[in-house]
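Participant: Protein chains in written order, with the numbering used here: chain Y, 1 to 389; chain Z, 390 to 778; chain B, 779 to 1167.
In short, the hints are calculated from the structure, not lab data. Where hints are given, some of them may not hold.
As the list claims (entries may be wrong) - Pairs of lysine-lysine, BS3-like flavour, derived with a Cα cap of 25 Å:
1. Y/K281 with Y/K197
2. Y/K197 with Z/K516
3. B/K975 with Y/K127
4. Z/K670 with Z/K586
5. B/K1059 with B/K905
6. B/K905 with Z/K586
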Amino acid sequence: MATTTTGKRPLLSAGNLMNALLVFVPVAMLMEWVFHSPPMWIFVISCLGVIPLAGMMGHATEEIAERVGEGVGGLLNATFGNAAELIIAIVALRAGLFDLVKASITGSIIGNVLLVFGLSAMVGGFKFETQRFNRTAAGVGTTLLVLSAVGLVVPAVFHSIVGNSAPGAERNLSLEIAVVLMATYIASLFFTLRTHKHLYMGDAGAEEPEGAYVDHAPLGRSIGMLVLATIGVAVMAEFLVGAAEATAEMLGWSEIFVGVIVVAIIGNAAEHSTAIIMAAKNKMDAAINIAVGSSIQVALFVAPLLLFLSYFIAPRPMDLIFTPFEVLAVGVCVGIMALVASDGETNWMEGLQLLAVYIILGIAFYFLPHGGPEAAEAATAVGAAAGGH
Amino acid sequence: MATTTTGKRPLLSAGNLMNALLVFVPVAMLMEWVFHSPPMWIFVISCLGVIPLAGMMGHATEEIAERVGEGVGGLLNATFGNAAELIIAIVALRAGLFDLVKASITGSIIGNVLLVFGLSAMVGGFKFETQRFNRTAAGVGTTLLVLSAVGLVVPAVFHSIVGNSAPGAERNLSLEIAVVLMATYIASLFFTLRTHKHLYMGDAGAEEPEGAYVDHAPLGRSIGMLVLATIGVAVMAEFLVGAAEATAEMLGWSEIFVGVIVVAIIGNAAEHSTAIIMAAKNKMDAAINIAVGSSIQVALFVAPLLLFLSYFIAPRPMDLIFTPFEVLAVGVCVGIMALVASDGETNWMEGLQLLAVYIILGIAFYFLPHGGPEAAEAATAVGAAAGGH
Amino acid sequence: MATTTTGKRPLLSAGNLMNALLVFVPVAMLMEWVFHSPPMWIFVISCLGVIPLAGMMGHATEEIAERVGEGVGGLLNATFGNAAELIIAIVALRAGLFDLVKASITGSIIGNVLLVFGLSAMVGGFKFETQRFNRTAAGVGTTLLVLSAVGLVVPAVFHSIVGNSAPGAERNLSLEIAVVLMATYIASLFFTLRTHKHLYMGDAGAEEPEGAYVDHAPLGRSIGMLVLATIGVAVMAEFLVGAAEATAEMLGWSEIFVGVIVVAIIGNAAEHSTAIIMAAKNKMDAAINIAVGSSIQVALFVAPLLLFLSYFIAPRPMDLIFTPFEVLAVGVCVGIMALVASDGETNWMEGLQLLAVYIILGIAFYFLPHGGPEAAEAATAVGAAAGGH
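Please take these sequences and the hints and turn them into a complete structure.
Facilitator: Encoded structure:
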C-alpha cells in the first residue's frame, strides 16, 4: 500500500538534493525564534524545510521496516507512510484550523493521484510507449479510492440537505463513518500484507539481490533518524501552520487553496520523487502503489484518525463535512483514476490528462472566494435572497 | 436476469429454516385480527412472515418456469422474480405512502448490489482467492444499472431545478421516462432470453444432470403454492404497511429508513441466501446475475409498473422524484458496482468494500431527519433564510 | 480523431441522398430573401440545407487531407472535422445567443456519443453478435471525454457556489480552463498523429487498395468545393440562427432544447451516417473514432475556440458556465460511454441503452422551463422563498 520499494541507488542521488534542502531547517528556526521574520518568509522556508525531513522519515521508516520482518514492516510503512502530513494536520487541528486540515486531506488525495501519478505516467510514457501494471492490485486500490470518496461525499450531501439544523446528527454521522473507514483500512492491510500479498510484490521484490542487504544502516541509527526527523517536522509544522493564515492573506490566497495545493505538495514531496523515479524505470506497479496507496492511506487512515484525535486535542470535535468543491475534486479524481487504471496500462497522454485535471481543479481552488465554505454559503444565500425579490 | 438456478440440495436445507419461519404468518394474523397487538410487534412479526412466503413464491415460480420451457419460463422468472416486493409496494401505493414506495425501490436497488453481492463476494472470497465471472454479461448488467440510475437521477435533478413550479411537467417527465425504462427492460429480456442467452447459461445449466428432472414437483402443486404464497404475502404486506408508520415513530426512525433498509432487506431475503450459497460454490455468474438482475428488475420493471399502477389504484399519480440522498445512494452503488464488475473477478476485499459502502449509506439514511424530503426542504429553506439575514 | 476513413462506395449512395438535399439551399435563400416566409419554415428548410453542405465540407476536407500527406492531413481533419457546427456557433455567438451556443456544444457532445455511437452499436449489433474495437485507443478517447466533462462541470459548480458574486473570477476561471483544454487537445493530436498513430490505423488503412488512389478528385476541385460549402453553411447558419428564437417560441420549445437536440443533430448528420455505415461493416474502431473523436473535438477544441473568439466578435465575453442539466447530461453521457467502451466490445443491447439514455435526456430537455437558467434560478428562488414561510 505504501512505499515498499526503496530503489536504493536513485534515492541516494535524489537524497543528495534532499540533504541540501536540510539547510532550510535551521534557517527557519532562526527566522522564527531569533529574527521574527515576516510570516510569508517563515512559511516559505519552513515549507522547504519539511521536504527533506519528510523524506528522512519515510527513508528511516522503510529501513526499520526491512529489519523487523515483512509483516510488522508492512504495517509500519502503512502506518507511518504519511507521518509528515499527519503531523502538520495535528498541529493545525490543535489550532482549530479545521478548514486547513480538511483541505490538506483533500489535497493529499487528489495530489497523489492526479499530480504524482499523472507526472509518473507522463515521465514514464516519454520513455516507454506503453507501461503495464497489475490490474487486480490497481483495481482493489481504485475501489478503495471510491470508498474514500463515498466517505467524504456522504457527510457533505447530508449537510447540504439538513443545513445547520442537525449539528449533533452530523457529528455522529462523521464519527460512525470514520469508524467504518478505519475498519476498512485495517481490513485492507490484512489483504495487502496477508491474504493477497503476492499481488503487491510485483517487480519490486525480484529486483534487489540478496547481497544488497549487507549495506543496511544499523537499526539504532534508523530509529534515531526517525525520532530526529519527526521532531524536526513537528517544529517546522508549528512554524508553517502559524504563518499560514497571514501568508494566505498577504498573497490573496484562500486557506483552502493553501491546504489543497501548497501543504499537500510539501507533505508529499518525497512520494513524488520516488514514484516518478519508479515510473522512469518502468516499474509502474511500484509507482501506482505509492500514489494510490498514499491517497488511500490519507482518506481511510489519516482522516479518521484526525477526527478521533479532534475529540481530545482540538478546541471542538471535527466533522467530515468537506466543501462542495472538495467533494467534486475528490469525485473527479477518483473517477478519472478508475478509468485510467481499468485497462492495466498507461501512456504519456493519460498522464498528461491527469495533470490537466489537476491544473483545472487547482485553478478553481485558486479562484474560490476566501473565508471558507461559510462565506460562500452566505454569498449564495444573499444571491438567492436577491433573486427572490 | 433473475434466479435461473435452483441449486436443489443447499436450498432444501436453507428451505427448512425458511419453513420454520412460516410459523410467524399465523402469529401475525392472530396479533392483528384477534389481539390487536401494538403496531411495532405486528410490524416485526409480519416482516418475519414475509421472508418464507417470498421464498416460496420464488421457488414456485422457478418450478413452473422449468416446466413451461425455457422462453416462457425465463419470462416468468423475469416478471415474478420480485413479486413479493411488488406486492408490498402496491399495498403502500394504495395507502398513498409514496415515500415508503420509493424508499423500498431505492433500498432494493442498493441492497441487492451492495449487501447481497457484497456478502456473496466476501463469503465466496474467504473460500476462493479470486472468483471469476463472465465480463460481457456483467457489463450489460452494469450498463443497465447505469441506465436505471439515469432514470432516477434525471427527475430528481429536474425537480431541484424547477422547484415546485411545474408539477404537470414533472408528472409527464416521470411517465415518459417510465415508458423508456420499461421498453428497455423488455428489450433486455429479448437480449438475455433470445439473442445472447448463451452468456447467461454460465455454470448453471451444466450442473444439473438429466436425471434430476424426475423429482420435479407436479405443476398443479407449484401453481397452488404460488397462489397461496401470493395471498400470504399480500396479507402480511397489509399488516406491515399498516404498522410501518407507527413503528417508525416509536423507534425514532424515518419512513425512508424503514423503506430503504428494513423493507428492502425483508423483500429480498430469499435472493440474499441463494446468491450467497452460489458464491460459496464459486458460481459467481449465478450470484452476480441474481444480485444485479434483481436490482435491474426493480429499477426498470417494478418502478415503472408502480408508476403506471399509481394512475389507477393510488390516491394520486406517483412521480419518479427520489430524494437527493436516494439519488446519491443509487449513483454511488452503480458506480462502485461498475468498477468491481469491470475486471470480471472479485475477492473478499472487494466484497467488504461494497458492504462498507452499504453501511455508510445506511448510517446516513438513519440520521436523515424524519418526515421525508419535504421536511428536509423546509429545514434547508429555514436554514437559508436564517443565513440570509 | 475525426473521420479518417472515407469508405468510398457506400458514401456514394448516401452521397446521392445528400446531393438531393442540396435543393433546400436555394429554397431557403428564396424563402429568406425573396418571400420573407414565416421563421419556422425558414428554420426547417435551412436546417435541411445545412445537412448536405456539412457533408460536402467533411468530404472535401478528407480529400484534401489525403492529398497533402498524413501529418498535415490528420491535422486538417482534426481542425475542420466539426467546421459546420463551428460556423453555426460563431453566427450564434455574434448574435450574443450564448445559451444556444452552449446548448449546441452540449448537444454535440452527448449527440455524438449517445445517439451516433448508440445507433452505430445497435445497427452493427443487429448484424454481428459481438463487435470488437481497440481498447487502448477507446480508453484514451474516454479519458479525454472525462477531461472534457471536468472542464464543463468545474465552472458550473463554481457558479453554484459563488452565485452571482464574482463574475470576474468566473470569466478568468473559464478562460484559463479553456487554455488547459485547448493545450490538452493539441497534445492529443500529437498522440494520435505522431507517437501512437498506429493505434488509430485500425482496419481502415488496410482496407483501401493502392489502386483506389487513382480516382481521387483533383486538389483544386476539392478546395473549391470546400470554399463553396463553407460559404453555403455560413449563409444557412445565418438563416437558421435568425429564425431559431421565433421558431422555438412558436413551437413552445426552449432555446436550450433547440440547441441541444435540433441544432446538434443537424450539425452532425454527416458523421451520423458515416459512423453507422462503418458499424454495419463491423469497423467499430472507425465508428468509435468518429463518434467519440467528434465529441472530444467539440469539447476540447470548438468550445475553447468559441470562448476565445467571444472576446473579439461577441457583444461580451462568453463563459463556460453550463446549466446544471447540461452538466448532468454530459456527466451521464461520459460515464456510460466509459463503461460501454471499457471492455472493448459492444452488442445491440449496449447500443440501445445509449439511445435510451439519449431519449431520457431529450425528454428532460424538452420539459425544462423556457428562458434559460436565469428563469429556472428565479423559479427556484421563488419556490424556496415560498417554502420558507
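Participant: Are the hints correct? Go through all of them and say.
Facilitator: Status of each hint after checking the structure:
With a C-alpha separation of about 22 Å, the suggested pairing of Y/K281 with Y/K197 holds against the 25 Å cut-off. Between Y/K197 and Z/K516 the CA atoms are separated by roughly 17 Å; this keeps the pair inside 25 Å, and the hint holds. Annotation: proposed proximity of B/K975 to Y/K127 holds, straight-line Cα distance about 17 Å (limit 25 Å). Distance check on the hinted pair: Z/K670 and Z/K586 sit about 22 Å apart at the alpha-carbon level, within 25 Å; holds.
A distance of roughly 9 Å separates the Cα atoms of B/K1059 and B/K905; the hinted pair therefore holds under the 25 Å criterion. Between the alpha carbons of B/K905 and Z/K586 the distance comes to roughly 17 Å, so the proposed pair stays at or under 25 Å and holds.
No hint from the list above goes unmet by this structure.
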